[in-house]
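2 protein chains.
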Amino acid sequence: MKMSLYYWPMIPGRGEFVRLVLEAAGVEYVDVGRIEGVPAVLDAVRGSLGGRPHRALPILVDGEEVLSQTPVICTYLAEAYGLAPGREHRWGALTLLLTAMDLVTEAHDVHHPVSSRLRYEDQQPEARRAAELFVRERLPSFLAHLEGVCRDNPQSDWMIGGRLSHVDLVVEQLLRGLEHAFPAAMASAPIPGLRALAAAAASLPRIAAYRASERCIPFNRDGLFRAYPELDVPPA
Amino acid sequence: MKMSLYYWPMIPGRGEFVRLVLEAAGVEYVDVGRIEGVPAVLDAVRGSLGGRPHRALPILVDGEEVLSQTPVICTYLAEAYGLAPGREHRWGALTLLLTAMDLVTEAHDVHHPVSSRLRYEDQQPEARRAAELFVRERLPSFLAHLEGVCRDNPQSDWMIGGRLSHVDLVVEQLLRGLEHAFPAAMASAPIPGLRALAAAAASLPRIAAYRASERCIPFNRDGLFRAYPELDVPPA
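Just so you know, the sequences run in chain order A and B. All letters in the first sequence, in the order written, are residues 1 to 236 by our numbering. All letters in the second sequence, in the order written, are residues 237 to 472 by our numbering.
In short, the hints are calculated from the structure, not lab data. Here the structure is a predicted model, which means the values were calculated and not measured. Errors might be hidden in some of the hints.
[What the hints assert, rightly or not] Here are the simulated lysine to aspartate or glutamate pairs, DMTMM-like style, with alpha carbons at most 25 Å apart:
1. A/K2 - A/D43
2. A/K2 - A/E36
3. A/K2 - A/E65
4. A/K2 - A/E28
5. A/K2 - B/E324
6. B/K238 - A/E88
[Claimed, not checked] Examples of chain B residues toward chain A, derived with CB under 8 Å:
7. R288
8. P289
9. S304
10. P307
11. Y312
12. W327
13. G328
14. L330
15. T331
16. T341
17. S351
18. A366
19. L369
20. H381
21. G384
Note that beta-carbon positions come from the ideal geometry of N, C-alpha and C, so glycine has one too.
Just chain A, with the same shape it has in the complex (with noise of 0.2 Å):
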């Protein structure tokens, strides 16, 4: 049986990374909110699916197992498709997965500073000040972080290991986002061992075809990653 993914089918959000992990480990899924639409995405995380009560989205459901929380999911997808680095990595990868989410709620919460129970244009001075903060203090340090652990992995030129994981399908399309939603910001950002990453990343053929696909749901403004030219300060 096809293991099915709940998520909203407007955006990448969240469910972009689980989705790369899917794509990238060539598994065939069902994105469920894509063809049965929101009601069918609500209903999961109301526990339409049965067991514990999940939080919020994404969540995945492959037989017995009903997971939810990003890194929970791209970890077991990873350890089921042999994606997952070493087990000697097991909680280094899990670190920096939960840096990677962390670097995304803060990148998010610059465009919802107040609450994300408000619109972006009910908070919108608040986002500038947010902004400003974020671009030149939160994010190269960040980035400085994620650089570093690159940089210095003796075994290969990815994030953790000697070849590709999870973790670099997270890291470039954290990237990815950063750089549609700040570019300015994002352009001289000292980082040339992640650019490098996350282009063997997005021309790996499966993520390539993948992102060619209307399967790959585009930026726009309703998700983690927005293009509010506003916000995007340039940087110190």
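Model the placement of chain B on the given structure of chain A, informed by the hints.
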């Protein structure tokens, strides 16, 4: 050789979740920041411990293992010291930890909505807006989810599996923090299962002894959970 915890010596913060797992496991550890001060903690996050770079505190050193990210450290310790629920609950336990940490971050961001790089005093109007939406929408939603998980656990009155796990220690500290920061909002929260769980966890002999000792740092106005009366909006 004893384990070493690197965390800020002046706040409970995210380090407290790790301290509670260490204390419940009865493990001897060195809380390096309490002995050597902030410089030793800063050196650790800057890479003095060797191995892969770390983005943020807490950091735990156990022989060759150097770990960061609170859910990673808590899971590592739980598996090593018999506090993890059964293998069948591996993904469920990690999902609950990440959900608890999401609520930790949202509770922190109420007093730091614009940026963690500014002081609370420099983002007070934004914090008041954030508090209202947090107390009336986000907090009840998270609590209802966690209460449902606890209530629907068929094996025990703990969060997951048939006995106490590290997840319960994290949830107990989270509730304690929320009750410190948002006493009015928490007073009427319909969470009988979580309250019973928290009381049971807090009365474990090792946890009670830790809390009564000088090793335990009280909540204060520099940590995650801060008692600002102006942000403790009454629920709707």
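Report task. Check each numbered hint from earlier against the structure, then list the numbers of those it violates in ascending order. Result -> none
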